[in-house]
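Asks: Residues per chain are reported as follows:
Number of protein chains: 2
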Amino acid sequence: MIPTLSWTSEGVRFIDQTKLPLEESYVLAATYEDVAVVIETMVVRGAPAIGVSAAYGVALGAIESSAKTAEGFAPEFEKICARLAATRPTAVNLFWAIDRMKRLFATLRTSSASMDEVKAKFLAEADAMYEEDIASCKAMGAFGGELLPEEGGVLTHCNAGALATCGYGTALGVIRAAVEQGKKIHVYADETRPFLQGARLTAWELMEDGIDTTVICDNMAASLMRAGKIQAVVVGADRIAANGDFANKIGTYNVAILAKEHGIPFYCAAPWSTIDTATPTGDAIPIEERSAREVTHHGGKQLTPNGVGIHNPAFDVTPAKYVTAIITERGVLRAPYAEALREMETVAG
Amino acid sequence: MIPTLSWTSEGVRFIDQTKLPLEESYVLAATYEDVAVVIETMVVRGAPAIGVSAAYGVALGAIESSAKTAEGFAPEFEKICARLAATRPTAVNLFWAIDRMKRLFATLRTSSASMDEVKAKFLAEADAMYEEDIASCKAMGAFGGELLPEEGGVLTHCNAGALATCGYGTALGVIRAAVEQGKKIHVYADETRPFLQGARLTAWELMEDGIDTTVICDNMAASLMRAGKIQAVVVGADRIAANGDFANKIGTYNVAILAKEHGIPFYCAAPWSTIDTATPTGDAIPIEERSAREVTHHGGKQLTPNGVGIHNPAFDVTPAKYVTAIITERGVLRAPYAEALREMETVAG
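First to last, the sequence lines map onto chains E and Y. For the first sequence, position 324 matches number 312 in my numbering, and the numbering has no gaps at all. For the second sequence, position 258 matches number 246 in my numbering, and the numbering has no gaps at all.
One or more of the hints may lead you astray.
Since the list gives no way to pick one copy over another, a pair counts as held whenever it fits inside one copy or between any two copies.
What the hints assert, rightly or not - In silico SDA-like cross-links for lysine to any residue, where the CA-CA straight-line distance does not exceed 20 Å:
id, residue 1, residue 2
1, K109, E120
2, K171, E113
3, K289, M332
4, K7, S(-3)
5, K217, P301
6, K7, H285
7, K217, I275
8, K248, A74
9, K309, L212
10, K7, H286
11, K90, E331
12, K7, K289
13, K289, S13
14, K56, L10
Simulated from the structure, these hints should not be mistaken for lab results. Just so we're clear, the structure is a prediction, and the values are computed from it rather than from any experiment.
Using the sequences plus the hints, can you model the full thing?
Replies: Given below as C-alpha cells:
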C-alpha cells in the first residue's frame, strides 16, 4: 500500500509528495509545528489526508506538552488547533478533523482527564480517523466503480488518490474498484498545473498499481473528449457546499464544462467529511491563492519574464449543475443535491 | 519592433524562441536546411512566421545552388520545397508560401530565366511576403480592435503575436490595435502547455510593449470567466477549413467551449493565407503529434514517472460553431463561414 502518512514512535512519517515521482523520500514530523509546515508546503496534500494529518498534529501537540491534566492543557490545545487550522483555508476536512478533536477534548476536560489519558485518547482518535478514511475510500470505490463503463477512458484531474488520503483514494479509489471489478479502464491524467499532481502523483501511484495511464496537459482534454476517448470523468473534492457546488483543484471547473459539452458523465468522489452544510453555496468557499512562484518557476528554472502579473488560485468551484453524481461512502447522491444531502445525513448521520 | 526574423547578407536571422524570455539570442540560418531545422525545432513558430521563413528558405536554396539556369535548378528546387514542406504538417501557411514560390518558379522556368534572376526574384518574393505579412497584421488589428470592449480583460492562448508573424501579430495585433485605439485592455495569457508560448513569448512581447498582462495556467480560464474577468477571447489559427473550423494550438478548443458556456465572444484572427478552402472541414486537418519529452521534461528536469503514457498533439480543432467572428486583413467574417469565405474570396481574391 502507498504510505501517504503513518504513525511511528517518533511522530508522523509522510512520503514527500513534493519529491515524487523521481525520488521516494520521507519526512518525519515530530511536533505539531512540523505537521503544520508539512501541510503548508504540500509535502502532504489532498483534503482527506490533510484532515487526518491535522488530527495526528493535535495528538503530537498533546505529547509535546508538559501539562499534567486536560484542564491545564486547554490553553495550549487552543493554540495548537489554531496553528493547524491556519495552514490551508479551502479543504474543509482540516476543520472537520480539528473540530472532532475539539469535541473529544471537551469530554476529556469534563471528565477531568489526566494528560496520559488525553494523549492516549487523541492518538486513538487520530488512528480511528485514519482507519475510517481508508474504509470510506473502499466504500466509495464499491459505489462508484459501478458507475464507470465496462471499458473506456476515464479522465481525472489532480490527485484524488491514495496519496490524497490514508490509502486507496477517492476518485482513484473509484477507478481502482472499477479495475478490481474487472472493468477495462484506461486513465487519462491531467498533469494539473502548476503543481503537477497529475503528472507526478496520479501517474506514479497508478503505475505502481499497474493501471494503464496516459498523462496529458490540462489543455488537451477537450480534443480527447471530441475524439471519443473519454467515457467518464472522476475527480475529488476539497469542500462540498450544502447545494452540491464543490471546490476542487484549479481546473476542475474547466473539465466539468468540457464534460457537459460532450455529454460525458462527471462524478465527484469524496468522503462525508468533505461535505460542509454550513457553507450554503460554492460562492462562500474561501479559495486559497498560492505563491506566484509555483507558476513562474519549475525545478528552480524561471519560465516567465520578470515582473509579469501572475494569478495562482489553488482551487476553483464547480457548480452543482455540472455534477452527474456525488459518490460518498454512504452512497451515490444525485441532484437536487441539497435534498439528497439532507436525506442521507438524516438516514446515516 | 520585435525582430522575429530578418534577412541579412549571411542568411535569415531568427530570434531564438526556445530561449525567450530569459535569454534574447539569435540563430543564423545560412542554408535552406538550416531554415528547415529552425522550423522543426521551433526556434521560429507561428503559422505566418513559418510561411515567410519557408519562402526565405527557398530563396537560400537558390543562392546555395551552383545551377546556371532555372531549368538546371528545377530538380534541386523540388528537393528544397519537399524538405521545407516536411517540417511541420498543420500550419497551412507553410504550404501556401511554398506554393507561391512554385508558381513564381514556373514563370521563371517558362521565361528561361538565369540563376541570377531566380535568386533575385526569389528573394524579392520572400521580402514581399514579409512586408505583406506585417501589413496584414496591421489591417487585422484595425478591423479586430473595434470588436474588443472599451475596457476589460481579453484572454489569449499560445502566442499569436509579433513572434508568430513578421511583426505586430494576429491575435496580439488585434489587442495592440485596441490599445492604440485607446481601449483599456488587460491581457490574460494562458501559459499554454507544454511549450509555454503564452508564459514565455506572449508575456514577453506584451511587456516589451507595456501592455498589462497576467499569466495564468491553462486550467484557470474557466474560473476567471465565471468571476467576470474576461470580456473577450482572441486567438490565432494555423489552418482555417472551408467551413470555418480551424486548427490552432492545443487547448484552443477548450477555451472556445469555456467562452461559449460563459457567453463571452470568441474571435479568431488570421491572415487570408491561413484559409485553406481545399480542406472542407476541421476533421481533414492533419494534427502534428510532437515528442513526449515536451510534456515529460522541463528545463532538463523530468516531471513524470518513467514509462508513463504521454499524449502530445500540438494542435486541436475548434468547430466553427464556437467562433463569434474570424478577423482577416480583408475584413471580419461571421457565420455561416462557408458562404462568408466564398464571398470575400470573390470580392478581394
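Asks: Can you name, in rising order, the numbers of the hints this structure does not satisfy?
Replies: Hints 2, 3, 4, 8, 11 and 14 contradicted; others consistent.
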